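Visitor: Residue strings, one per chain:
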Amino acid sequence: SQWGEENLQALSIQEGEDVTMNCSYKTYTTVVQWYRQKSGKGPAQLILIRSNEREKRSGRLRATLDTSSQSSSLSITGTLATDTAVYFCATDASSGSWQLIFGSGTQLTVMP
Amino acid sequence: DTTVKQNPRYKLARVGKPVNLICSQTMNHDTMYWYQKKPNQAPKLLLFYYDKILNREADTFEKFQSSRPNNSFCSLYIGSAGLEYSAMYLCASSSRRISNERLFFGHGTKLSVL
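For the protein sequence lines, the chains are U and S, in the order given.
This note's numbering puts the first residue of the first sequence at 1, with every later residue one more than the last.
This note's numbering puts the first residue of the second sequence at 1, with every later residue one more than the last.
Source of the hints: derived by calculation from the structure; they are not laboratory data.
All values reported here derive from a predicted model rather than from experimental measurement.
From the three backbone atoms N, C-alpha and C, an ideal C-beta is built for every residue, glycine too.
Among the clues, some could well be false.
[To be verified] Mimicking EDC-like on lysine to aspartate or glutamate, the simulated pairs with C-alpha atoms at most 20 Å apart in a straight line are:
1) S:Lys-44 with U:Asp-92
2) U:Lys-26 with S:Glu-57
3) U:Lys-38 with U:Asp-83
4) U:Lys-56 with S:Glu-101
[Unchecked claim] Some, not all, of what chain S presents toward chain U, calculated at C-beta under 8 Å:
5) Asn-28
6) Thr-31
7) Asn-40
8) Phe-48
9) Pro-69
10) Asn-71
11) Phe-73
12) Arg-96
13) Glu-101
14) Arg-102
15) Gly-106
16) Gly-108
So here's chain U without its partners, still in its complex pose (with noise of 0.2 Å):
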């Protein structure tokens, strides 16, 4: 697998709050992609973060790689009700090979 983690992690917050989701992965890659999936539709793509980036913002989200731990982060602040969905991060099986690979996501509940 590419991914560290293989098991489903679920997070339950209040609204309002900030919240950070973690993925570690194992192949050397210089792109991530978080992806979010509502109930009853496919996934979404969020936000692309490369290797030379580091950090990228998108209104209310941030996402970090860091490539020397092989981690990515992706934040969240100010959740709204509407923010709830399971969240996967996303990247290439092997650098350019256009085969994308999910980890296993986080399911985020934001009650109001």
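Given chain U's structure and the hints, the job is docking chain S onto it.
Guide: Relative to the frame of chain U, chain S by itself:
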């Protein structure tokens, strides 16, 4: 239009019977993917087409077939469904030509094998 469409939304199949799932996209993407997703697990890549070239994952090579008659359509075929095939099947597309790693997903087809 950035939509990937999948049909049907729900599919009921009997053990031992064939199953054919359909996906279409109108973004002129060169690459189309099929993923299998089971509850509490990550989406698992089954196969993908780059233009007309099919790439199947080694561990699912014999279980799934696919066709891509034109750029817009891609099917996933199971010759003889088993209980273990019950899952959500997600189709996605992307464009290598513009070096866009982003995948666009359909809403999925939920397959239940009885």
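Visitor: Just pull the numbers of the violated hints for me, sorted ascending.
Guide: Hints 5, 9, 10, 11 not satisfied by this model.
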